[in-house]
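S.K.: For reference, the chains in residue letters:
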Amino acid sequence: MTKNQPIIRFENVTKQYDDDKPILNNVSFEMEKGKFYTLLGPSGCGKTTILRLISGLIEATSGKIYINDKLVNDTPANKRQVNTVFQDYALFPHLNVFDNVAFGLRVKKLPNDVIEKKVKEALRFVNLQGYENREITGMSGGQRQRVAIARAIVNEPEVLLLDEPLSALDLKLRTEMQYELRELQQRLGITFVFVTHDQEEALAMSDEIFVINEGKIEQRGTPRDIYDEPINRFVADFIGESNIITGKMIQDFLVEFAGKQYDCVDQGFKPNETVEIVIRPEDLEITSVERGKFTVKVDSILFRGVHYEIIGYDEIGNEWMIHSTKTATIGDKIGLYFEPEDIHVMRLGETEEEFDARLESYTAQGAEK
Amino acid sequence: MKRKFKPSTIYLAIVFVILYAPIFYLMYYSFNSGGKMYAFDRFTWEWYGELFADTRLLIIVLNTIIIALLSAAISTIIGTIGAIAVWYVKQNKMKNLLLSLNNILIVSPDVVIGASFLILFTFIGLQLGFTSVLLAHIAFSVPIVVIMVLPKLQEMSPSLIAAAKDLGANNYHILTKVILPYITPGIFAGFFMALTYSLDDFAVTFFVTGNGFSTLSVEIYSMARQGVSLTINALSTILFLFTVLLVIGYYFISKRTNANGRMFGLGARK
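As given, the protein sequences belong to chains A and B, one line each in that order.
Count along the first sequence starting at 1, add 27, and that's the number in the working numbering.
Count along the second sequence starting at 1, add 211, and that's the number in the working numbering.
Looking at chain A on its own, in the form it has when it is part of the complex:
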């Protein structure tokens, strides 16, 4: 993808209430035009704060916020070219669907015929043609959601902010809306900033994910990057299920954990450096004890629908989670097999910049990542 000009830029932004711990601590990032961004993190991590700073509903304690290369720190929310879809939809209960969607246009004093045309178009965009005169109270959660989206996009914002808009929907509708939102973003071609604590949502929809924890961006990257190359325990743990084991990097391409040495594809560590290794449960393949790279004793099995979730313990007592379509018997010893590239090695306390630099240093040497 070509490098577009950034539409949103944060420079050392901090948000702090009184003398409390800062909600957002010296955060800097850029967002490009026309991409789908997801801010992912546990509740209270500061992801909604970022959204509200972009929309202008709250002000930064320090730092600079740019939209389209224009400093907007002092621009109030009603003057910014961004719109928000709120978590509780925030539809006006005293207005019907048409009037809700028309709200922003009426405030801007557009002529009535233009308003009517635009509202109809926005409603068509979210598949709600013919619902103009419906009362909000008579609509389902999914329909309200669409009204909220229509009300935001009718103003033709450059950035659409979505604050956990799917959290109130049931699972099936949520999955459906994920597809729809992604498609809507591509049709509109504007930047979406989506806030969620649901890692599956984030992986399914985003061009880029920002993993946020305790007011800091832990890692940013494509869903694949984040999933395959988490930079630390928090990210590995938060995105998907992980087996995280402490190990030792003997030398480049050789790591020791659970008492044995294994080939891997990571490098750039000090000899014998203590590291954390990640193996995803679905990368562990059940095989016979002889053929396995190591063995575990099966402790529990849970049927999860698409796969079994098997928990086992190796000889030194490390817990391993395995996702497999094959089941096993509790109490049995099973062999586990994995490929060298299934091992992901994380340096303790490494920041994103350091991680990128290390990756850079050895890809520059011509080594395969």
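Hints should not be assumed to be uniformly reliable.
[Said to hold, decoys possible] Calculated Cβ distances over 12 Å to all of chain A for the following chain B residues:
{"#": "1", "residue": "I221"}
{"#": "2", "residue": "I225"}
{"#": "3", "residue": "V228"}
{"#": "4", "residue": "K306"}
{"#": "5", "residue": "S319"}
{"#": "6", "residue": "P369"}
{"#": "7", "residue": "N382"}
{"#": "8", "residue": "L391"}
{"#": "9", "residue": "Y393"}
{"#": "10", "residue": "S447"}
{"#": "11", "residue": "I464"}
[Unchecked claim] With a Cα cut of at most 30 Å, we get these calculated DSS-like pairs of lysine-lysine:
{"#": "12", "chain 1": "A", "residue 1": "K106", "chain 2": "B", "residue 2": "K301"}
{"#": "13", "chain 1": "A", "residue 1": "K48", "chain 2": "A", "residue 2": "K91"}
{"#": "14", "chain 1": "B", "residue 1": "K388", "chain 2": "A", "residue 2": "K135"}
{"#": "15", "chain 1": "B", "residue 1": "K304", "chain 2": "A", "residue 2": "K106"}
{"#": "16", "chain 1": "A", "residue 1": "K91", "chain 2": "B", "residue 2": "K301"}
{"#": "17", "chain 1": "B", "residue 1": "K301", "chain 2": "A", "residue 2": "K243"}
{"#": "18", "chain 1": "A", "residue 1": "K136", "chain 2": "B", "residue 2": "K388"}
{"#": "19", "chain 1": "A", "residue 1": "K243", "chain 2": "A", "residue 2": "K297"}
{"#": "20", "chain 1": "A", "residue 1": "K106", "chain 2": "B", "residue 2": "K217"}
{"#": "21", "chain 1": "B", "residue 1": "K301", "chain 2": "A", "residue 2": "K145"}
{"#": "22", "chain 1": "B", "residue 1": "K388", "chain 2": "A", "residue 2": "K144"}
{"#": "23", "chain 1": "A", "residue 1": "K297", "chain 2": "A", "residue 2": "K287"}
{"#": "24", "chain 1": "A", "residue 1": "K135", "chain 2": "B", "residue 2": "K306"}
{"#": "25", "chain 1": "A", "residue 1": "K136", "chain 2": "B", "residue 2": "K363"}
{"#": "26", "chain 1": "A", "residue 1": "K62", "chain 2": "A", "residue 2": "K297"}
{"#": "27", "chain 1": "B", "residue 1": "K301", "chain 2": "A", "residue 2": "K48"}
In short, the hints are calculated from the structure, not lab data.
All C-beta atoms, glycine included, are put in the ideal place defined by N, C-alpha and C.
Put chain B on the given structure of chain A with help from the hints.
M.R.: Relative to the frame of chain A, chain B by itself:
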């Protein structure tokens, strides 16, 4: 069918009978041609006729209604602004303090309020009459309006205001297009409450009214002191029915704003 007569039902019935019996007793004798509150003679409209022939009384009725409407309207405006102001206060301590001050005015005895207004008005040299009664009525109605409007504001999700801002609304738009429409039912409830409080206020009015100006409740009191005339009964009956109408009106308004509007069957009584 026997199950209907549970002790709780009987208790409820007795309570309502005790509460309403005197009123109906009074209404019943307003049609007595005998002119006494006992020994019902014949049905008559005589007392009502007398009532409507009494221009002085009609002027007093008019005064009462004007005072009630004016004081309710003005106090609704002041009270709504007050409720919004209390709601805007972010500090909890301050908010509770303001609310307590408001509630004290509601529960404090009318005699205290009436006497204090009398002292105030004589102190600033305001002549007792229409203005003093109106001001006093506005004063005791404002806290009532505040207490009726505030819950509506508090149940309003703060994200509604955030959404309005986000959609480009300035503070004026937010007030007129979001907050006021949302709290309209509360404003109506406050208005009706203020109206009824003003209509049947006796104690405060009694203190602050002067020569030549009177409201119904004060007038009925002085008529009752002069001796029994069944015009009092007739007047009370009309007042009572009017109050019932107000209650019905309020019921329909609140119902209309709660569910989808269905307005029928109003004037069926009377």
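S.K.: With reference to the structure, classify each hint as holding or not holding.
M.R.: Each hint, compared with the structure:
1. I221: Given that every Cβ of chain A is farther than 12 Å from that of I221(B), nearest at about 40 Å, it holds.
2. I225: 41 Å, holds
3. V228: Check passes; 40 Å lies beyond 12 Å.
4. K306: 18 Å, holds
5. S319: 36 Å, holds
6. P369: With a cut-off of 12 Å, P369(B) comes too close to chain A, as the shortest Cβ separation is near 9 Å.
7. N382: 9 Å, violated
8. L391: 10 Å, violated
9. Y393: Y393(B) not clear of chain A: closest Cβ-Cβ about 6 Å, inside 12 Å.
10. S447: Given that every Cβ of chain A is farther than 12 Å from that of S447(B), nearest at about 40 Å, it holds.
11. I464: 15 Å, holds
12. K106(A) - K301(B): 25 Å, holds
13. K48(A) - K91(A): It holds: about 20 Å lies between the C-alpha atoms, which stays within 30 Å.
14. K388(B) - K135(A): 13 Å, holds
15. K304(B) - K106(A): 34 Å, violated
16. K91(A) - K301(B): 27 Å, holds
17. K301(B) - K243(A): With a Cα-Cα distance of about 29 Å, the restraint between K301(B) and K243(A) holds, given a limit of 30 Å.
18. K136(A) - K388(B): Distance ~14 Å between K136(A) and K388(B) Cα, so the pair holds.
19. K243(A) - K297(A): 27 Å, holds
20. K106(A) - K217(B): Answer violated: K106(A) to K217(B) is near 65 Å, above 30 Å.
21. K301(B) - K145(A): This hinted pair is violated, its Cα atoms lying about 38 Å apart.
22. K388(B) - K144(A): 22 Å, holds
23. K297(A) - K287(A): It holds: about 19 Å lies between the C-alpha atoms, which stays within 30 Å.
24. K135(A) - K306(B): 35 Å, violated
25. K136(A) - K363(B): 29 Å, holds
26. K62(A) - K297(A): 38 Å, violated
27. K301(B) - K48(A): 21 Å, holds
Checked against the numbered hints listed earlier, the structure breaks hints 6, 7, 8, 9, 15, 20, 21, 24 and 26; every other hint is satisfied.
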